[in-house]
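Grab the two chains, each in its own frame, and use the hints to assemble them into the complex.
Read off the chains here:
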Amino acid sequence: MLKKSSPPISSEINPNQRDLDLGDDLTMHALEPAPLLAGNIDLTAYRLPQNFNAVGGVKKLITSVPGRKPGTQTYFRVRPGDEWRMEALILQLKEDGESYFVMPQLAFELASECRPKMLYTYVDRDGNLGIWPINLPGEDGRLDAWSQSAHTAAAHAEERWVRLLANRHVGAYDVIEATNLAEEPKWPEMDFKKVLSLAFKERLITSMSHPIVRRLRGEI
Amino acid sequence: MTVDDFKTVWVVDFEFKAAPGERPEPVCLVAHEVHTGQTLHLWKDQWGAVCPYDIGPDSVMVAFYASAEMGCHLALNWPLPTNVLDLYAEFRVETNGRTLAHGNGLLGALAYYGQQGIAAMEKDAMRQLILSEGERTAAERLSILKYCESDVTATSKLLVAMNALFLGDQRLGQALLRGRYAKAVGRIEDAGIPIDRELLGRLRLHWSSLQDLLIARVDEHYEVYDGRSFRIARFVDYLNRYNIAWPTLASGRPALDDETFSEQCKSFPQLRPLKELRQAMGQLRLSELAVGDDNRNRAMLSMFSAKTGRNQPSTSKFVFGLSTWLRGLIRPTPGFGLAYVDWSQQEFGIAAALSGDIKMMQAYQSGDPYLAFAKQAGAVPADATKASHGPQRDQFKAATLAVQYGMLEESLARRIQQPPAYARELLKMHRRTYATFWEWSEGVLDYALTHRKLWTVFGWMFHVEGKVNGRSLRNFPMQANGAEMLRLACCLATEAGIRVVAPIHDAVLIEAPLNELEAKTAEMQELMKQASIMVLSGFALRSDAKLILAPYRYSDERGEVMWTTVQQLLAELQSSTEALEVSA
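Here the protein sequences line up with chains H and F, keeping their order. Under the numbering used here, think of the first position of the first sequence as 1, with each following residue one higher. Under the numbering used here, think of the first position of the second sequence as 221, with each following residue one higher.
FYI, nobody ran anything at the bench for these hints, they're computed from the structure. Even for Gly, the Cβ is constructed at its ideal location relative to N, Cα and C. Just to be clear, a hint being listed does not mean it is correct.
List time: in silico DSS-like cross-link candidates among lysine-lysine, alpha-carbon distance up to 27 Å [said to hold, decoys possible]:
(1) F/Lys687 <-> H/Lys186
(2) H/Lys193 <-> H/Lys60
(3) H/Lys59 <-> F/Lys617
(4) F/Lys648 <-> H/Lys60
(5) H/Lys60 <-> F/Lys687
(6) F/Lys617 <-> F/Lys749
(7) F/Lys673 <-> H/Lys60
(8) F/Lys648 <-> H/Lys186
(9) F/Lys673 <-> F/Lys687
(10) F/Lys648 <-> H/Lys59
Selected chain H positions facing chain F (Cβ under 8 Å, derived; list incomplete) [as the list claims (entries may be wrong)]:
(11) Leu43
(12) Ala45
(13) Leu48
(14) Gln50
(15) Asn53
(16) Gly56
(17) Val58
(18) Pro185
(19) Lys186
(20) Trp187
(21) Pro211
Derived DEER-like restraints, expressed as beta-carbon distance ranges [stated by the list, open to error]:
(22) H/Ala178 <-> F/Asp446: 54 to 60 Å
(23) H/Asn180 <-> F/Gln624: 49 to 55 Å
(24) F/Leu669 <-> H/Ile62: 19 to 25 Å
(25) H/Lys186 <-> F/Asp446: 53 to 59 Å
(26) F/Ser608 <-> H/Val170: 36 to 42 Å
(27) H/Glu87 <-> F/Leu669: 31 to 37 Å
(28) H/Glu87 <-> F/Gln624: 47 to 53 Å
(29) H/Glu87 <-> F/Asn689: 49 to 55 Å
(30) F/Asp225 <-> H/Thr63: 52 to 58 Å
(31) H/Ala178 <-> F/Ala607: 22 to 28 Å
(32) H/Lys186 <-> F/Leu669: 19 to 25 Å
(33) F/Ala470 <-> H/Asn180: 40 to 46 Å
Here chain F stands alone, though its shape is the one from the complex (with noise of 0.2 Å):
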């Protein structure tokens, strides 16, 4: 099967408005049937309920960047198109890790494949008069669907550049499934994730002033600013004082990046609100959170963004990017719940099921992989629990962990506080343990440097190019068919009917009536282990669950220092705000 093999291939894009946290409010659409060279040009006051291109099984739908044309139809209650074909996507497939000289836009992927498009000054011109307010006039709507043709004709050019590549079942097969995903990320972002606006209106108005109340209050454990500024000398003092190993950078000065500090916070966890309070001073916008007039935080998923094809949504625009602590602002609306969803240990799990490592895969199995860890290796007795070795236990997650991010014995060592010699046996017993797993992933990586590429299960891409980062190489297949089976997930709940408002990494949050959430976590979590075992050829992931009934909001224990420092920052600053008004 072919894509001409269709009955129809309809070529579509819609221009549309969208306001912050808000749906998309569709304006025009072209759509393009190649066979039949059919186009219908319709403004929006032309359409009606039904959609007029066929979306039956017999159809495909094609366009770039298919999930916001899943919204519009969303937003015009039209139902999704069964077969969608992504060219975004299938171009990132064919480019994923390559430096291309005009990015991974439609006009990029135009010019990779020798076409020319629209001009880009002319695209950024049309988009504003879209976005303009008020009633477009007759010559203004004729440029805009002329605009919107203009994209359909350049989408119809790539498809025929790109067409050769979908000549086989199953490459054609694997895009459309990854059609199948955008239409997920339609639902999930129509969908949105619930927010306490009322209380991000008082953050944001207080927000200034509950900077420099944070960084007193956080900072008397520290003694590390300087009025607002975060002064390094005072911080290795700090390091010193209490005896905390730190990277540091060539220059002997201490490395105080993100990454750092999380990887810190992981063996110093009293760093956390220094790490959240350094976050908040620094890069934290909170004006950007995009939350519309229903109480939902709508933001771009932008899926197949990342080098492992996940999603890389906005850090300020979408919640889960922002601070851990700001998670507290996710609360169910009254009558309902949410569901946090996630695989247990789902990168040793993927790892056990694709390197073949029995050991692996049996501690897996046995529910706890860090104590069958240590089991396997001999550390403990046979009979160990996780209540008579928990310190021996800690350490083989440590090592386990440390295994997955690629650490060195140094790296280790200062997480389980321990010299590195005592590490470096860890990571020995690792090796020794799962053998089959480490020549595994020899084979990747040895792979990937000889024949340059890298996939997944159902064939995401990662092209080999320039400098390579062997870590990252050898952690790709857990990370990139990490990403496939939530990407499974999110098209299996949202067919079913599920309500998923967020896929974050490993885990899905869901939306359910109150009197429906367990029904639903359970549905989720079946569909997840049924994901799984789609992905793994049979091996099934666990997944646990954490639910959040309305009235009670979200947390996340890493943020909850945080958030509390804030809310009672916030109240003292009201109730203050409010004397000076009363004495006024």
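Isolated chain H (complex conformation) (with noise of 0.2 Å):
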């Protein structure tokens, strides 16, 4: 058998081609009409919409973010802009690495306990969202190795999808550099007060009875 192809085609996308918003019944929305010509009928006038995620009246929702660092096999990108970041008191339980955000009129009460971090929002490849507390420097203005290159980390991962290792022999992280990956990521509509609310929901420190507090004290 022969074989032979269509020429390439060279028509240009159109980026607005996709059908507009109309409501949540398509079909009451009828275009204009057009004469009912058999042979040459202009069938654009008979199209249906074929939008259904615009119409549907379904939307994802984002009902809880975690409030770690990210895994180490997990690329994800940094929120630029500080409007999606924040210093904040975070005390953080060793045992299971959960964070918990301090309301800053506990400070001295608890300063023990707990230490400022920079609240940064990222996102994975899978649109996951996060917020990742890394230390600030401590009242005496050090910070560890590992805080420091966390920071360097998240820098480099408002431009780049990074990932991060441990480097136990260097005492700090190796940052991964994704080279390839030239996706940008996908931020949920959704604002940092938002985000952050969703991440410390469930663990808010607001007085010195907080279960938590009164555990680490020997209380209860």
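If you want it as structure tokens, here you go:
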């Protein structure tokens, strides 16, 4: 059998060709009538939109945001801009790695249990959002090498997809950059305030009577 | 514009005989004009060369399953009506996906709208009378005409019940577009597919003996048959011997259905002859292939029968419904050629255009979407070619197809013969690279689950009822809009005078004299491009064409081994039969 292909198609892609958002029942949105001529019917008049995602009235809700360092096997990007990060007082439980947001007025009383951290917003390649707490310098102005390298990694992750690898020999994180990944991160439609509240909604210490505090003080 | 705005609205029904593989032979017709109430009752000796009712642009012909009426028009050399409203197609649009207590025939449709027609028993008796041999007496003629009229009355009632659907220009326009396809189907069924009937006759004659020889010849590579029985334990041994992972049922036994075999053959092509053999031993009924005296295979295409709106012709009467290797029976008549023209990566292109995923559209337009996907995912360098990165391209191709089939990582892993983790990563790459497509795909599923319906660009509807299959729902826009595209291409081609002899999923088979074949093929490709542009709002799909020039026959690489084996065995069988005859 002989084989032949059609010539390459040169038509330009029209990024605006998707149908517009017309409401939730597309069948109600008839287009302008066209003459009912057999043969060369103007079919565009009979066309129905196919943008089911825009009209379905369904959206993915983010109900949980982890407040921890990205996994060592996860490539991630950090959201640039001061509006997407903040300094906060964080109490970290060593045994389970969980971070608790401590209200600033408790800083003096919990000085030995918590420390100031920078909370960065990050996202992985599958669109999963997270808050990454990284130590800030202590009262003496010093910062450990792990935390220094973590801030460096966060800065790098604003522009590139990276992952962290603990280098115990050096005592700091190695930053592995994915040089081939050209895709841009997909940030959920949500402001930082909401991200923060999802990350710490169950882990917010507002008083000394919080069970975690009482446990650390040996009261319960 | 509404149906009532047409100058004349003719509800028409023919009674006809149709021997297997032959064109319909009209016996009588009844036509009823809705506005005036005029009714024509014509026996076959009462009509002439001119159609007795108005078929011009100001009129509409209404029928239930209109391709049959179109076939009668063609058999009588009458022009086809300009406008056709097929209430079968429209009833399918209204009810596709729903469970119907009385089916989707004319009586079922009437019952759906609370109306009654002729009793089913009476209908069967009259059909028998129409099909019986010999001349009809005057009383029989009258009975048949009355029966025909009862269908016209039923169709008229159905029109009244459904008329409100067509009050808007858009809905009526979509309906007339489906009617236009009924005309194309009439022409395609009329043309028929050229078949090597002499060879078919020999195959039929020797089929029983051939089956035993086939087992002996094919099974020597597998050793799974015991006589004519397929032994599962031996098959399991074979799979273990060649380290082939095979899906199992809950019972632990290997799944042996056709779909599983077809799927596995894509990963392990060495199993294809065994699959073909199982089909040959099983449901293959060569005697039912409908071939007329003019050596053409004609079978009802069963338009709009599938949920996606695709045709669903018989798997025993239509040559493309049989096992792939039997397509070798298709052979152009002397002086003619055939062209099999199919859209390239149609599903991928439709998904790209409908979802508006720019990267996907760019991948399609690159000409090699699989390699483009690998490049976009960063798995191969930007200057990679099919030659330089063939294996990587194959894996990205498998991943692309896996997404289209709704395959999970285990199945993909089997297909590419890699660990599941590797397959998982490939599927993730697809999601990341074509995030816009995936967002749209999720939206399709969500819409179907919440609004309980989906539709195509020209209004083919799927109503979601009962237990749902998420994979099918996600895939509906690709499949059903692909069907729209094929219908439109068939309309454009048959109206342009191209002889389309079969529509096949995402392809058409056309026929032309040898000296015109290349030009007709190029024209067909252009029309298919136009059809894709109309369905996809300006996005053009490419097509490929394979030409089959007389005296060569159609061949499909998937069935070549089986076809060659059968031909060899048939020759051996015939020579031994002849030797026996000589010695006797």
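>> Run the distance test for lysine 687 of chain F versus lysine 186 of chain H: straight-line Cα separation, threshold 27 Å.
In response: It is violated: about 33 Å lies between the C-alpha atoms, which goes past 27 Å.
> Is the hinted range of 54 to 60 Å satisfied by the C-beta distance from alanine 178 of chain H to aspartate 446 of chain F?
Replying inline: Between alanine 178 of chain H and aspartate 446 of chain F, where Cβ atoms are some 56 Å apart, the hint holds.
> Does asparagine 53 of chain H meet its interface restraint, that is, does its C-beta lie within less than 8 Å of any C-beta in chain F?
Replying inline: holds, 2 Å
>> Looking only at beta-carbon atoms, does the pair asparagine 180 of chain H, glutamine 624 of chain F fall within the given range of 49 to 55 Å?
In response: About 25 Å separates the Cβ atoms of asparagine 180 of chain H and glutamine 624 of chain F, which means 49 to 55 Å is violated.
> Does the structure keep lysine 648 of chain F and lysine 186 of chain H at a Cα separation of 27 Å or less?
Replying inline: Holds: lysine 648 of chain F and lysine 186 of chain H sit about 15 Å apart, inside 27 Å.
> Quick one: are alanine 470 of chain F and asparagine 180 of chain H within 40 to 46 Å, going by C-beta?
Replying inline: holds, 43 Å
> Any CB of chain F closer than 8 Å to the CB of leucine 48 of chain H?
Replying inline: Nearest chain F Cβ about 6 Å off; hint holds.
> For the pair leucine 669 of chain F and isoleucine 62 of chain H, does the Cβ-Cβ distance stay inside 19 to 25 Å?
Replying inline: holds, 20 Å
> Per the hint of 52 to 58 Å, is the separation of the Cβ atoms of aspartate 225 of chain F and threonine 63 of chain H within bounds?
Replying inline: This hint holds: roughly 54 Å between Cβ atoms.
> Is the shortest C-beta separation between proline 211 of chain H and chain F less than 8 Å?
Replying inline: violated, 39 Å
> Against chain F, with CB atoms and a cut of 8 Å, does the hint on glutamine 50 of chain H hold up?
Replying inline: Holds. Min distance 5 Å.
> Is the gap between the beta carbons of alanine 178 of chain H and alanine 607 of chain F within 22 to 28 Å?
Replying inline: Holds: the Cβ-Cβ distance is about 27 Å, inside 22 to 28 Å.
Comparing the model with each earlier hint shows violations of hints 1, 3, 18, 20, 21, 23, 27; every other hint is respected.
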